[in-house]
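Visitor: Given chain A's structure and the hints, the job is docking chains B and C onto it.
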Amino acid sequence: MAVPFSNQAEEKGVDEGARQPGDAVRRDVRGPWKERLPEVVDVIMRTLEDRGTVGHVCTYALPHQDVIVLIINLLSRLLFPGYFGEKAMHRANLEFHLRETANIAFDLLCEEIAKCLVHAGAESSKEARERCAQEAQRHAFDLLGKFPALIDLLDGDVRAAYLGDPAATGSDEIVVCYPGFRALLIFRIAHELHVQGVPLLPRVMTEHAHQHTGIDIHPGATIGRNFFIDHGTGVVIGETTQIGENVKMYQGVTLGALSFPTDEHGDLRRGFKRHPTIEDEVVIYSNATILGAVTIGGGSVIGGNVFLTHSVEPHSKVTREGPGHRIRKMRRRAR
Amino acid sequence: MAVPFSNQAEEKGVDEGARQPGDAVRRDVRGPWKERLPEVVDVIMRTLEDRGTVGHVCTYALPHQDVIVLIINLLSRLLFPGYFGEKAMHRANLEFHLRETANIAFDLLCEEIAKCLVHAGAESSKEARERCAQEAQRHAFDLLGKFPALIDLLDGDVRAAYLGDPAATGSDEIVVCYPGFRALLIFRIAHELHVQGVPLLPRVMTEHAHQHTGIDIHPGATIGRNFFIDHGTGVVIGETTQIGENVKMYQGVTLGALSFPTDEHGDLRRGFKRHPTIEDEVVIYSNATILGAVTIGGGSVIGGNVFLTHSVEPHSKVTREGPGHRIRKMRRRAR
Amino acid sequence: MAVPFSNQAEEKGVDEGARQPGDAVRRDVRGPWKERLPEVVDVIMRTLEDRGTVGHVCTYALPHQDVIVLIINLLSRLLFPGYFGEKAMHRANLEFHLRETANIAFDLLCEEIAKCLVHAGAESSKEARERCAQEAQRHAFDLLGKFPALIDLLDGDVRAAYLGDPAATGSDEIVVCYPGFRALLIFRIAHELHVQGVPLLPRVMTEHAHQHTGIDIHPGATIGRNFFIDHGTGVVIGETTQIGENVKMYQGVTLGALSFPTDEHGDLRRGFKRHPTIEDEVVIYSNATILGAVTIGGGSVIGGNVFLTHSVEPHSKVTREGPGHRIRKMRRRAR
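Taken in sequence, the protein lines are chains A, B and C.
Mapping of the first sequence onto this note's numbering: residues 968 to 1302, in sequence order.
Mapping of the second sequence onto this note's numbering: residues 968 to 1302, in sequence order.
Mapping of the third sequence onto this note's numbering: residues 968 to 1302, in sequence order.
One chain only, chain A, in its complex shape (with noise of 0.2 Å):
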């Protein structure tokens, strides 16, 4: 019988944490119920056969996420070079390490666009295969001959976080931690991709941001220059939304869609414009929510909390009614 305790494991000292889980020297578990276990698998293995709507086996590999994180922290180091590496970065080897960063991205970018592109066309024969496989090429270089305007929009988005937080210490805070230049950086790769029409990769890049910030903006929104949003958790940004240039917003705002019309079948309609427009120069803060295919004007500011489904006019300030609160006084309490 085997005892499923750590002292199994190989003692390995205190650097423990750096090594892989599954690592670990473990005795296999046996028993009654590890016999039967097979019996447990035949089951499922019939259910997943018998399964309709989700196919569960697929003839193709899907995106591979730990592999697009890796793409993204490659494609962070050629737009910010010295800003994520452990090791300085001087000017005499900025050229080998933006040629070899590059390289490594372009061939693991081409390995997920095509996965994306065969997944999309559902067909997965030899002939569609080389096809997408030249098709991801393309868009790898198409997206690679970006990151020179992508590198000045995003210099922007860095300058507008400067701007537009007291606490901010310096620029290369910035780029090191902030989440919401973090998400945005993501988010600003990820919308090129889908302007290019690459299928399914976008997502899975700004669904990474939204996990590691909370804040989850559509890849296919459109966002002008200067762009900063503080904090950032719970952000939401949909994907028919539209925001000008320099414009800021707080943690927990909503730029979301108000209804969802249905077709003659009942099904959802997609793809149409029912999320915001947030014309130039636009202050929203935190936890505001601003729902439907509303205009707000240039200049306005939308006070924290504020719950809006109707277009406001260029520089209207939106706060919340009253104190929106009743105050009374308690008596002390006995502890």
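Hints in this document: simulated from the structure, not taken from any laboratory.
Certain hints may be false.
Copies of the same chain look alike in the list, so a pair counts if it works inside one copy or between any two.
What the hints assert, rightly or not - In silico BS3-like cross-links for lysine-lysine, where the CA-CA straight-line distance does not exceed 25 Å:
no. : residue 1 : residue 2
1   : 1093      : 1284
2   : 1054      : 1093
3   : 1093      : 1001
4   : 1093      : 1113
5   : 1001      : 1284
This structure is a prediction, so every number in the text was calculated from the model and none was measured.
Guide: Relative to chain A, chains B and C alone:
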């Protein structure tokens, strides 16, 4: 004098992102402060020895978060083979894959469940540990025996997500990257372990889901078929919540407790029903808060940002009263 | 023509989850686009060279997030030995464990603090680097010297969580998996480094906590004994916030700034008191927002979703005014 800079690290090229932190070829720090480190550790040691309330030296191991994440990933591959690996899953390798995955998941589950049982029993004699190891095997077996039902349940959740989100392009996207689905998959596994009476482990699982998605569902909650959480960040679903079938909710929804009654000793009462009951076909929009053991009648719609502490009848529509905000025109700011 | 599919990867069985992304046996992509990649990299290179505001080539390394996460894990094991490792911690191995953990944590801390000091000084001569290395050792030593006090403080926080949450089954569960406690443990370490004047590193630490838990506490905030945040996603506690003893709060609470005064050049003023003061024994329920340098008097209760921009006296109870919503009966929807 060691100079603690990155040029001490061996040049490793751009693939440094992949290596483990701490692998660096580091020279040990030396100097007067380092020499006095043992004194500091002695004081920490004495503090730990004197510590009262929080036991710091356990005679048995606690469940290990990294292993539990690995278990969740393996179980996900059993429920949705072909979605979470890097390789395509063919008919030809499916059976081998399922058997291997089930074997490894079973062994790891036994190990972690046994730790939790020993911990709950607070007894670590050889006999107690062998008894817990046996019991852990039964629990792991019972869990896997529920997988056919879980597959059916989760397929319904995927379908609900597709029917509920106009931005969804297909069910594969939902399985691969929707956080609401990820949280629910982990919750449904954890809930079964909770129902079986496995201590601690279910909560560690749902807290991993919480960390990954921002969605905090207590493993004790009861959730019916075809449940969909969109976006999800900030959702809290408390321990005694009951949710019917075909319920949809959005980010930031709280289903929480209203008050915390204490017993005759002034200690919190634990375990009694204190969270809402949500009947079938209810929709709860973003950032709504429902507190207390109230009932939201079937078919009701709870609007965004609504704050509700009493029951509502079936087919109610609850919205924020009035516009809830004040709009005034600003003078154009000089820039 | 490389076909970038997963069947290129060596068959590795189900344990692929454990291996590092990028380890795959990959064939290099070849083709016309790949051949033109060097041109694209040249343009990126020139763009980076022209870049103005955001320095991209640092002559010294910035702190490395993965190493800082490792440091946090090591320091957690010093504060709560036996909770975060895979192995049981016995009396017999405790001292060895503490000495080894302290040694490694000290060395890594020295390295990362020194990077931050060099970065803040923007000087990387050999002399400056050696001076920073020395100073970093003093900072690391001072931090570890505060650990007995931190252990005492954190034990109080665990107790507060147990007393404040009816769903808590014991203090071990809180240490192992409560996000509010995790965020606080990291904050309390980061705050000490902040008080010592270590630049950048404290913020990188609290942003890791933010990423992990959705709780964003600036390292400059002051937080008294026995603090408890339940659930926690979306909590924001600003830089100049002061929190007394025995305070409890829930998910989504914002303690933020109300306005951002600028100096005579139109630049943001930084560092002045702009966030709330929360006195002892205050409870703040979910999604409440308190903005500005206001004071919430001792023993007050701030209700869920309250939006507050002025001070309240001790023992006030602030709730949302009226029901705050409109209920109407819907006709039963045809399905």
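Visitor: Of all the hints given earlier, name the ones this structure violates by number, lowest first.
Guide: 1, 4 and 5
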